[in-house]
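Each chain, letter by letter, is given below.
2 protein chains.
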Amino acid sequence: MSFEFKSTSFIGNSRGSETGKTFTAFSPETGEAVGPEFHSATIVEMNRAANLAENAFGELSRKSGKEKAEFLRRIAEKLEEKKADIVERASLETGLPKARFEGETGRTCGQLRMFADLAQEGSWVDARIDTAETERAPLPKPDVRSMKRALGPVAVFCASNFPIAFSVAGGDTASAFAAGSPVIVNAHNAHPGTSEIAASAISEAVNECGFPEGTFSLLFSADYEIGSALVAHPSIKAVGFTGSRAGGRALMDIAAKRDEPIPVYAEMSSVNPVFVLPRAAEEKADSIAEGLFSSFTLGYGQFCTKPGLAFLPGNGGYGAIVSRLNQLSRESSGKPLLTSGIRNSFIEKISERGAAQAAAKGYAVESVVFETSVGEFRSTPELHEEVFGPSTLAISFGEVAELVDIAEDLEGQLTATIHGTDEDIAEAEELIAVLEKKVGRIVFNGFPTGVEVCHSMVHGGPYPATSFSGTTSVGTRAIERFTKLVCFQDAPDSVLPDELKDGNPLGIVRMKDGVIGRT
Amino acid sequence: MSFEFKSTSFIGNSRGSETGKTFTAFSPETGEAVGPEFHSATIVEMNRAANLAENAFGELSRKSGKEKAEFLRRIAEKLEEKKADIVERASLETGLPKARFEGETGRTCGQLRMFADLAQEGSWVDARIDTAETERAPLPKPDVRSMKRALGPVAVFCASNFPIAFSVAGGDTASAFAAGSPVIVNAHNAHPGTSEIAASAISEAVNECGFPEGTFSLLFSADYEIGSALVAHPSIKAVGFTGSRAGGRALMDIAAKRDEPIPVYAEMSSVNPVFVLPRAAEEKADSIAEGLFSSFTLGYGQFCTKPGLAFLPGNGGYGAIVSRLNQLSRESSGKPLLTSGIRNSFIEKISERGAAQAAAKGYAVESVVFETSVGEFRSTPELHEEVFGPSTLAISFGEVAELVDIAEDLEGQLTATIHGTDEDIAEAEELIAVLEKKVGRIVFNGFPTGVEVCHSMVHGGPYPATSFSGTTSVGTRAIERFTKLVCFQDAPDSVLPDELKDGNPLGIVRMKDGVIGRT
Numbered sequence: 003m004s005f006e007f008k009s010t011s012f013i014g015n016s017r018g019s020e021t022g023k024t025f026t027a028f029s030p031e032t033g034e035a036v037g038p039e040f041h042s043a044t045i046v047e048m049n050r051a052a053n054l055a056e057n058a059f060g061e062l063s064r065k066s067g068k069e070k071a072e073f074l075r076r077i078a079e080k081l082e083e084k085k086a087d088i089v090e091r092a093s094l095e096t097g098l099p100k101a102r103f104e105g106e107t108g109r110t111c112g113q114l115r116m117f118a119d120l121a122q123e124g125s126w127v128d129a130r131i132d133t134a135e136t137e138r139a140p141l142p143k144p145d146v147r148s149m150k151r152a153l154g155p156v157a158v159f160c161a162s163n164f165p166i167a168f169s170v171a172g173g174d175t176a177s178a179f180a181a182g183s184p185v186i187v188n189a190h191n192a193h194p195g196t197s198e199i200a201a202s203a204i205s206e207a208v209n210e211c212g213f214p215e216g217t218f219s220l221l222f223s224a225d226y227e228i229g230s231a232l233v234a235h236p237s238i239k240a241v242g243f244t245g246s247r248a249g250g251r252a253l254m255d256i257a258a259k260r261d262e263p264i265p266v267y268a269e270m271s272s273v274n275p276v277f278v279l280p281r282a283a284e285e286k287a288d289s290i291a292e293g294l295f296s297s298f299t300l301g302y303g304q305f306c307t308k309p310g311l312a313f314l315p316g317n318g319g320y321g322a323i324v325s326r327l328n329q330l331s332r333e334s335s336g337k338p339l340l341t342s343g344i345r346n347s348f349i350e351k352i353s354e355r356g357a358a359q360a361a362a363k364g365y366a367v368e369s370v371v372f373e374t375s376v377g378e379f380r381s382t383p384e385l386h387e388e389v390f391g392p393s394t395l396a397i398s399f400g401e402v403a404e405l406v407d408i409a410e411d412l413e414g415q416l417t418a419t420i421h422g423t424d425e426d427i428a429e430a431e432e433l434i435a436v437l438e439k440k441v442g443r444i445v446f447n448g449f450p451t452g453v454e455v456c457h458s459m460v461h462g463g464p465y466p467a468t469s470f471s472g473t474t475s476v477g478t479r480a481i482e483r484f485t486k487l488v489c490f491q492d493a494p495d496s497v498l499p500d501e502l503k504d505g506n507p508l509g510i511v512r513m514k515d516g517v518i519g520r521t
Numbered sequence: 003m004s005f006e007f008k009s010t011s012f013i014g015n016s017r018g019s020e021t022g023k024t025f026t027a028f029s030p031e032t033g034e035a036v037g038p039e040f041h042s043a044t045i046v047e048m049n050r051a052a053n054l055a056e057n058a059f060g061e062l063s064r065k066s067g068k069e070k071a072e073f074l075r076r077i078a079e080k081l082e083e084k085k086a087d088i089v090e091r092a093s094l095e096t097g098l099p100k101a102r103f104e105g106e107t108g109r110t111c112g113q114l115r116m117f118a119d120l121a122q123e124g125s126w127v128d129a130r131i132d133t134a135e136t137e138r139a140p141l142p143k144p145d146v147r148s149m150k151r152a153l154g155p156v157a158v159f160c161a162s163n164f165p166i167a168f169s170v171a172g173g174d175t176a177s178a179f180a181a182g183s184p185v186i187v188n189a190h191n192a193h194p195g196t197s198e199i200a201a202s203a204i205s206e207a208v209n210e211c212g213f214p215e216g217t218f219s220l221l222f223s224a225d226y227e228i229g230s231a232l233v234a235h236p237s238i239k240a241v242g243f244t245g246s247r248a249g250g251r252a253l254m255d256i257a258a259k260r261d262e263p264i265p266v267y268a269e270m271s272s273v274n275p276v277f278v279l280p281r282a283a284e285e286k287a288d289s290i291a292e293g294l295f296s297s298f299t300l301g302y303g304q305f306c307t308k309p310g311l312a313f314l315p316g317n318g319g320y321g322a323i324v325s326r327l328n329q330l331s332r333e334s335s336g337k338p339l340l341t342s343g344i345r346n347s348f349i350e351k352i353s354e355r356g357a358a359q360a361a362a363k364g365y366a367v368e369s370v371v372f373e374t375s376v377g378e379f380r381s382t383p384e385l386h387e388e389v390f391g392p393s394t395l396a397i398s399f400g401e402v403a404e405l406v407d408i409a410e411d412l413e414g415q416l417t418a419t420i421h422g423t424d425e426d427i428a429e430a431e432e433l434i435a436v437l438e439k440k441v442g443r444i445v446f447n448g449f450p451t452g453v454e455v456c457h458s459m460v461h462g463g464p465y466p467a468t469s470f471s472g473t474t475s476v477g478t479r480a481i482e483r484f485t486k487l488v489c490f491q492d493a494p495d496s497v498l499p500d501e502l503k504d505g506n507p508l509g510i511v512r513m514k515d516g517v518i519g520r521t
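Going line by line, the protein sequences match chains P and U.
So the number in the working numbering is just where the residue sits in the first sequence, counting from 1, plus 2.
So the number in the working numbering is just where the residue sits in the second sequence, counting from 1, plus 2.
Just so you know, the hints here were simulated from the structure itself, not pulled from any lab data.
As the structure is a prediction and not an experimental result, all values here were calculated from the model.
Careful, some of the hints might be misleading.
Heads up, the list lumps identical chains together, so a pair's fine if it works in one copy or across two of them.
Listed next, the in silico DSSO-like pairs over lysine-lysine satisfying Cα-Cα at most 27 Å (straight line) [to be verified]:
#1 K143 / K23
#2 K143 / K85
#3 K68 / K23
#4 K100 / K143
#5 K286 / K143
#6 K503 / K84
#7 K8 / K65
#8 K514 / K68
#9 K514 / K84
#10 K514 / K85
#11 K84 / K100
With the hints as extra help, turn the sequences into a complete structure.
As structure tokens, this is what we get:
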């Protein structure tokens, strides 16, 4: 590894002190601490980062789409330069294989370039123009023009389970930068080394592109103190978070109690039900079982979209699918979870469900398949809870009609999945209608893990899957979270942003007098 | 008046009981109670309304744009049929002239028809399609499609100051219906009669259009009990509110503490600063003073967008403008405010600023102009507060550069207004940049009252002007508040909403593989 850790926070263009609380990463493979020792930011440093972000905001929010695109592409290039170090360190800090981080780095760079293209193309601002009618009676109609603008400094909390794609240079950061908002990242203390490398990539890009100091800061934090204070800081105008339900809700509560409440875009917990309909279960029991097994053990079961519930027809398919799942589970070897906390929680939750696991090296656990019936599931609230790690719950049902009531009872979810033949799906109209209310994304004859990064993706869903079901943290719509609307009435063309000027100098898609086009 | 009041709540298709607390409207002209006596909804009735709304939601959310458009237009027709009664009763309950309500009813019907057109045209759903690439390596790309869908039952709180346009059948209700969300209105107890007439219009439209029971309910309420319980009800998924800062924040706090927190779209308080730049002040002192006087006394100073602060150049223009404002104020006669509470608050706030008014008939007050300097303004937080009623504060400044710091100090506002010649405006670039962060709408050489209802309007702004600066309560973007995203992955065309089907059967504007068009 060529990267030399300084192990201190990034406070604008400077590095933090070594006076804060210290902590280290741990190797999930061995359970042992790995160096170096990292230094938490102090409250003074957090305040300085927030002030720098506020000062940077004016200049940053008025950068052109082209300038923001160059900056985002530069970050991607810097990450690629550091890819070998990122992959090595991320694997060390997470216990996940290096190949995974080859992919995750690629995905992250792709995401940065997607937002670069979005910023450069420019139509995302939803520019609207209603032209004046000075002769209108009884009152003349003014010229009114509006668009989305950057909201202000954003606090981003990193996920434990995606140390690159949902962390320092991940989707929240990329979408906030694309909007023109400064970002202060609260690093996850399970992967501080990976965070420092990614932060150095962003920091170099800030300097090379001549972006203002305060565009980016990164705060290390041994515990919750710094992050909580950051969300309460008056300069912060929105929060992006990926993590647990308890963590997300704690930040939502802090944000709601501020003198000026701010939105927290939290992506939290989801059990991602899979509904296997009768004909599909008969026809494809093996391939469904294999796909389901791959999906719920991907990333060792630590994906937000892990299918934690599988509804299988008791009169056909259930036995074959569960038997195959158990076989695959027996054949697989134990693998380490991300942190001791995640391992302890997994062991506790599976023991509540009657499963035990032998002590293992590091944070290793084995995958486990639970079984229940629709009746027991409905009467046991604990079975609705997310179990983070490689387990799923097979639930045998009788009639497809039962699934409608089951779906109505579910909490909000990121995803639901339906396996069915065309005939099955035609009979599931009511189920689909209910799922549209309950989830962000409905997957047909596939599996929910693997979230495509594209314009139409929705990685969101009703609470407690996320805090706002009208938004997404993956895909180009993610940029909308970090914006405010601004409107100009009878403004001279000279003071208008280019997006709203007469003649459409940027050539973006706009709505003009209700008509959408490039005029 | 031909309308016969039943004076009870609308609980779906039935009327509420007469067992709840009673209250009456008051005539602001006389200060005396006017009949009939209205009956608050009970908690049982509120629960019933919420359950009916939840039950109606599935069917309502899947109504076509054409069906929703017919429903919205039917409401407008019904309001027009009842216009004479609405105008008479609204004038009685508010002390505002009948002509005002001729206009406000027209505006409200226009708004309903605007949302009808929006729903029928259909492109508002932001449909996006990314087509599959089955040959992509290492993983095939799925077919992903997404759009906005109705969120669920919405609670709407009526404004005291716009008993038609921001009340029962106002913008919040119209935009929620256009999205496909049921609405439960909490009537304002200052204008229950106007509310009942408008509610009967909506109720008739629900029945005539065959919309499901629970599409609409209206709850009368003598105090805050019913409204608070409504916001806490698990079936409610969002809140629209127009009113005071204290009232909006109270609802935000209730919503944030729910097991499932929900968004409250509250439009609250704003002092709407006007900045008169030196050359404009010299050239147009009289017309600026006259426009400002009309604007701050419109609706007797009880508009959300009332200009409550006027920054005037001390070295030129200030004297002439203030002298003309005072002259206009002396020449005008006292007029009644909407409620005794608003009158008492106005008298209290102006007496804090050293003004007194003689006792008058009913809730009448006289307009008043206060004066201060930039220095005193900056050091006196009370001067930044909204005074609801016909008063404004003239503030003399020295250099235009001072205004930048003033603007930085301001709380979030609905609007800011700049009066300036082209030369003035060219010199105010920095001021405009700050105002873009602080306000929803910047008006040039006009006045902030009179909010045009159109696609590009932004009637929003940073807290405490509203609760979310990314949204608006006026204009077609208002529909977005009451939606969630839903995404379909590899769905058969048969189960997709028409908006996402191959071949674009509705002919709406969509984004397909990143390209915006009608394909």
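Open item on the list: My question is about K286 and K143: at a cut-off of 27 Å on alpha-carbon distance, are they close within one copy, between copies, both, or neither?
Closed with: between (63 Å within a copy, 22 Å between copies)
Open item on the list: If the cut is 27 Å between Cα atoms, do K503 and K84 qualify within a copy, between copies, both or neither?
Closed with: neither (41 Å within a copy, 43 Å between copies)
- [ ] Measure nothing new, just compare the shortest in-copy and cross-copy C-alpha distances for K514 and K85 to 27 Å and report within, between, both or neither.
- [x] Neither way: K514 and K85 sit 45 Å apart in one copy and 33 Å across, limit 27 Å.
Open item on the list: Cα distance capped at 27 Å. Does K143 pair with K85 within a copy, between copies, both, or neither?
Closed with: Between copies, since 24 Å is at most 27 Å while 56 Å is not.
- [ ] First find the shortest C-alpha distance between K514 and K68 inside one copy, then the shortest across copies, and answer within, between, both or neither for a cut-off of 27 Å.
- [x] Both ways: K514 and K68 sit 24 Å apart in one copy and 23 Å across, limit 27 Å.
Open item on the list: Regarding K100 and K143, is the shortest C-alpha distance of 27 Å or less found within a copy, between copies, in both, or in neither?
Closed with: between (62 Å within a copy, 23 Å between copies)
Open item on the list: Within, between, both or neither: how does the pair K143, K23 come out at a Cα-Cα threshold of 27 Å?
Closed with: So K143 and K23 fail the 27 Å test inside a copy (60 Å) and across (45 Å) alike.
Task: Homomeric proximity label, K84 with K100: Cα distance no greater than 27 Å - done: within (14 Å within a copy, 71 Å between copies)
Open item on the list: Please sort K8 with K65 into within, between, both or neither, judging by C-alpha distance up to 27 Å.
Closed with: Result: close neither inside a copy nor across copies, 31 Å intra and 59 Å inter.
Open item on the list: For K514 and K84, with the copy left unspecified, which applies at a CA distance of at most 27 Å: within, between, both, or neither?
Closed with: Classified as neither: same-chain Cα gap 45 Å, cross-chain 35 Å, threshold 27 Å.
TODO: Give the relationship of K68 and K23 under a CA distance limit of 27 Å: within one copy only, between copies only, both, or neither.
DONE: neither (40 Å within a copy, 62 Å between copies)
Of the numbered hints listed earlier, those contradicted by the structure are 1, 3, 6, 7, 9 and 10.
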